[in-house]
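Peer 1: Based on the hints, put chain B with the ligand in the right spot on chain A.
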Amino acid sequence: MVVATKRTGTQEGSKRIIELDDITVRFCGDSGDGMQLAGTQLTNTSAIFGNDVSTLPDFPAEIRAPAGSLAGVSGFQIRFGSHKLRTPGDMVNALIAMNPAALKTNLEDLEPGGILVVNEDAFTKNNLGKAGYDQDQNPLDSDSLSGYLLYRVPMDKLNAKACEGTGLSGRAAGRCKNFFALGLVYWLYGRSMEPTLGWIKDKFASKPAVAEANAKAIKAGYYFGETAEMFPVRYAVAPAKLTPGRYRRISGNEALAIGLVTAARLAGKTLFYGSYPITPASDVLHELARLKNFDVRTFQAEDEIAAMTSVVGASFAGAFAVTGTSGPGLALKTEAIGLAVMTELPMVILNVQRGGPSTGLPTRTEQADLNMACMGRNSEAPLCVIAPATPADCFDMALEAFRIATEFMTPVILLSDGYLANGAEPWRLPDISKLPRLCIKHPKTGDEYQPYSRDKKLARPWALPGTKGLEHRLGGLEKRDGSGEVCYDALNHDHMCRTRRKKIDGIAETIPNLSVTGDDHGDLLVLGWGSTYGAITLAVEQCLKEGLKVSGAHLRYLDPMPSNTAHVLQSFKRILIPELNLGQLLHRIRASYLVDAVGLHKVQGKPFAVSEIQSEIEKLLSNGTTA
Amino acid sequence: MTAESATITLNAKDYGSDQDVRWCPGCGDYSILAQVKKVLASIGAKRENTVFVSGIGCSSRFPYYINTYGFHSIHGRAPGIATGIKLANPELQVWVVTGDGDGLSIGGNHLLHTIRRNIDLNILLFNNRIYGLTKGQYSPTSPQGKKTKSTPMGSVDFPLHPLSVALGAEATFVARALDVNTKHLAYVLERAARHKGTSFVEIYQNCNIFNDLAFEYATGKDTKDDTTLYLEHARPLVFGKQRDKGIRLNGMDPEIVTLGDGITEDDLLFHDERQAEPSLAYLLSRMHYPAYPEPMGVFRCVERPTYEDQVMDQIRTATSRQGEGTIENLFDNGETWLIN
Ligand code: SF4
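Protein chains in written order, with my numbering: chain A, 1 to 627; chain B, 1001 to 1340.
If we strip away everything but chain A, and leave its shape as in the complex, we get (with noise of 0.2 Å):
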């Protein structure tokens, strides 16, 4: 469902320009059919504009799956608006599929009625038979599309000849027909071709001919749609009332390689990170890899292992030490994580979880990790777990995760997943000055040190390599409290298993509290973690303003929870957390309050619809029974 949208009427010209609070707006097709660049290009224009804009990009495991087949789609989703938006849109308004594949995987998000841009020339036989429709039923012939606003338009033939005359080959134009959609999409909301023009300007500097036929083929879709007689009305989008500021578009891995770099630099520490690709984490690598002038060292590991032994062996000499994986490659990381919990050496995993379990749905979302993140190391291996709500708050987490690591000399595990790694949004660049500034200390040749002492947040002293009179050892074996010697006491283990566990409850006297959305008591408290917040925040909002009562709570800290935690939770009736698994929080929550808590889960490696959630709360308070 969409949040209630205002439609006014104006009359432009012959057309008629109905004005609405926001767009989504969807672009599907093969994958090398470029929707994920349009989808790009119609967001940074929109963000240009002033809207708010949130995205859903949805690309196949496989990097090139047969052209036309199911497997091969690709699909980019887009949604702006003249209001804060917090998710990519339940339902898509307008659907833009370049061939039958497209059409038959994206077809049921398209709301009824609404608007579907289909390439015809690429319904062909051949490619009706790919993608399993019945090759002598071509469904924009049948009344099977009779729900929407069908527009059938031959984009490779006006493509082609738009690129007439630029010197491009047949094929090499043909890859140009994504301009073609994105400018029929520019000029159906009014969108301004002057950002993209300038970026094919920029993109293809080398390549002139390839800039003139993407600028003519954007051209070509936009005049297209206004000489065509086609679309009877055209819509528009007010610009967002956002804070004043500086703004760009981040997604969320974007916002964690910036957030680590910034806390490095603000502590002039130099940066290490070490990693082995896995999707959908590399792209965190590739952007640090491109960051030396700041001193980062990247370093791409022989395997996940070695990834995470390289971090903890970098943290020991000093660096700020990190690792970012996806939920296989945490798996194999886990001996090493119990190493750097027992040597109490700071530094931060990043896991950017996806569907499972095993290979599962690697460019699909899921938040299942939790409990590996929590409890999944041998014995009692007790560390820090934080996840970020928003692509942009993956900036404040990175931070956030540095502080705890440094303050309470502990690994940090930060938990994004696959929808805040490659959904975007708009982010106010930070005001630097008032950043949080990190205050490192290592002993220094002559102060009185043992390696396992302990200040009054538990922590023990960082000392370094290559400081005089520090020398120590360190390891995986129990160390004794104080001196750091190896030591099988057992009472002196007991002690170090407890003191290593309070260590890391301390971090909750160190966060925010948990703040509530609504009254802070009442009938329904909906709490989420994770990248699940936009939904549920919108879920809970349109109840409120349906005059339900109900009311929210995001976790950002997951081990710790805030300390009034126990307070929020019991000061309602009932509680609902939605997850995207099978009752991970659920469960903790229970075990750990005591309070009868349900859940709703979803894995189908895609986010949650606002309508779930709401239809959900609205089910918990009609029938005051649980489900």
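Do not take every clue at face value.
Unchecked claim - Derived pair list, reagent style DSS-like, types lysine-lysine, alpha-carbon separation capped at 25 Å:
#: 1; chain 1: A; residue 1: Lys444; chain 2: B; residue 2: Lys1046
#: 2; chain 1: A; residue 1: Lys104; chain 2: A; residue 2: Lys606
#: 3; chain 1: B; residue 1: Lys1149; chain 2: B; residue 2: Lys1135
#: 4; chain 1: B; residue 1: Lys1147; chain 2: B; residue 2: Lys1135
#: 5; chain 1: B; residue 1: Lys1038; chain 2: B; residue 2: Lys1196
#: 6; chain 1: A; residue 1: Lys545; chain 2: A; residue 2: Lys573
#: 7; chain 1: B; residue 1: Lys1196; chain 2: A; residue 2: Lys468
#: 8; chain 1: B; residue 1: Lys1046; chain 2: A; residue 2: Lys441
#: 9; chain 1: A; residue 1: Lys468; chain 2: B; residue 2: Lys1013
#: 10; chain 1: A; residue 1: Lys549; chain 2: A; residue 2: Lys84
#: 11; chain 1: B; residue 1: Lys1038; chain 2: A; residue 2: Lys468
#: 12; chain 1: B; residue 1: Lys1046; chain 2: A; residue 2: Lys468
No lab work stands behind these hints, which were simulated from the structure alone.
Peer 2: Below, chain B with the ligand alone, put in the same frame as chain A:
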């Protein structure tokens, strides 16, 4: 260098820690520990700039007995930890102590990749051809047929040869030594320490509890001269009590010949540790008892840029081209817009 550090010279015992050494009495590890300390003294290693990293196994207790910085890590993973340390602070001199199980079985992958990168580490692989700490199972270097608790009818595994593995992984420094030949061991260790890049040293180490006398052929008074061959750069391969035997190439194969009777040293294979191609070193690494004497000493020592130098070069290049990064230009990716 401060006046103080310039004048203080440490001797071998200054590198010993206050920990009781817990290896079995008679274990070959004692001798290796003593020679490492001696070498640290002779190269003038600063304790604070030296780090010993180990995995798991008997040999991996090593860092506790040296009073530099140290890290006793997890099974097979010392090369990864050492890599992180060296990349975070290339000024440190980093040693890796591993064993045949630790380095070649559970940690085989890390060993291969660390060697091929040529990161400046000194890797000492104590080869006792057995799992000692877990009480005597066969290891990846145990000979076929080895009877142990886990192979009561004899092992059917085919062993691998550490130096062949290292050479296959493009090692720039490869050497072998014996625990009991202390003088030669010290020589090899010092060469390894002075080599820039990954130095890989296999040390035949006797485990007198679970695999006693595994190297007796190479250490026994009566046999050693005929079963070992001490390599010298640019010298012919000569061995034997009377130094009357040598190795000659017959086609692609080494053959043992007796000097005299028309065969002179000039007919023998000459050692060249600096040969760009590792073929000769590989051939030497394939010479095994009892068919051949086993070569000891430096098989290969060539120069190649180290990993950490290249990493730091790229950082310097990027910084001189783009200027030192500031948070402002980190935030502004060139595609920003202003909202008033
Ligand atoms: S078990 Fe063998 S290798 Fe281990 S300490 Fe004893 S003698 Fe040495």
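Peer 1: None of the hints should be skipped; say for each whether it holds.
Peer 2: Now the hints, each set against the structure:
1. A/Lys444 to B/Lys1046: Holds. A/Lys444 to B/Lys1046 sits at ~17 Å (cutoff 25 Å).
2. A/Lys104 to A/Lys606: Answer holds: A/Lys104 to A/Lys606 is near 18 Å, not above 25 Å.
3. B/Lys1149 to B/Lys1135: Within the cut-off at roughly 9 Å; holds.
4. B/Lys1147 to B/Lys1135: Roughly 13 Å separates the two Cα atoms, so the pair holds.
5. B/Lys1038 to B/Lys1196: holds (20 Å)
6. A/Lys545 to A/Lys573: holds (21 Å)
7. B/Lys1196 to A/Lys468: holds (24 Å)
8. B/Lys1046 to A/Lys441: holds (23 Å)
9. A/Lys468 to B/Lys1013: holds (18 Å)
10. A/Lys549 to A/Lys84: Since the Cα atoms of A/Lys549 and A/Lys84 sit roughly 23 Å apart, the hinted pair holds (cutoff 25 Å).
11. B/Lys1038 to A/Lys468: Since the Cα atoms of B/Lys1038 and A/Lys468 sit roughly 20 Å apart, the hinted pair holds (cutoff 25 Å).
12. B/Lys1046 to A/Lys468: Status holds; Cα separation ~9 Å.
The earlier numbered hints are all upheld by this structure, with none contradicted.
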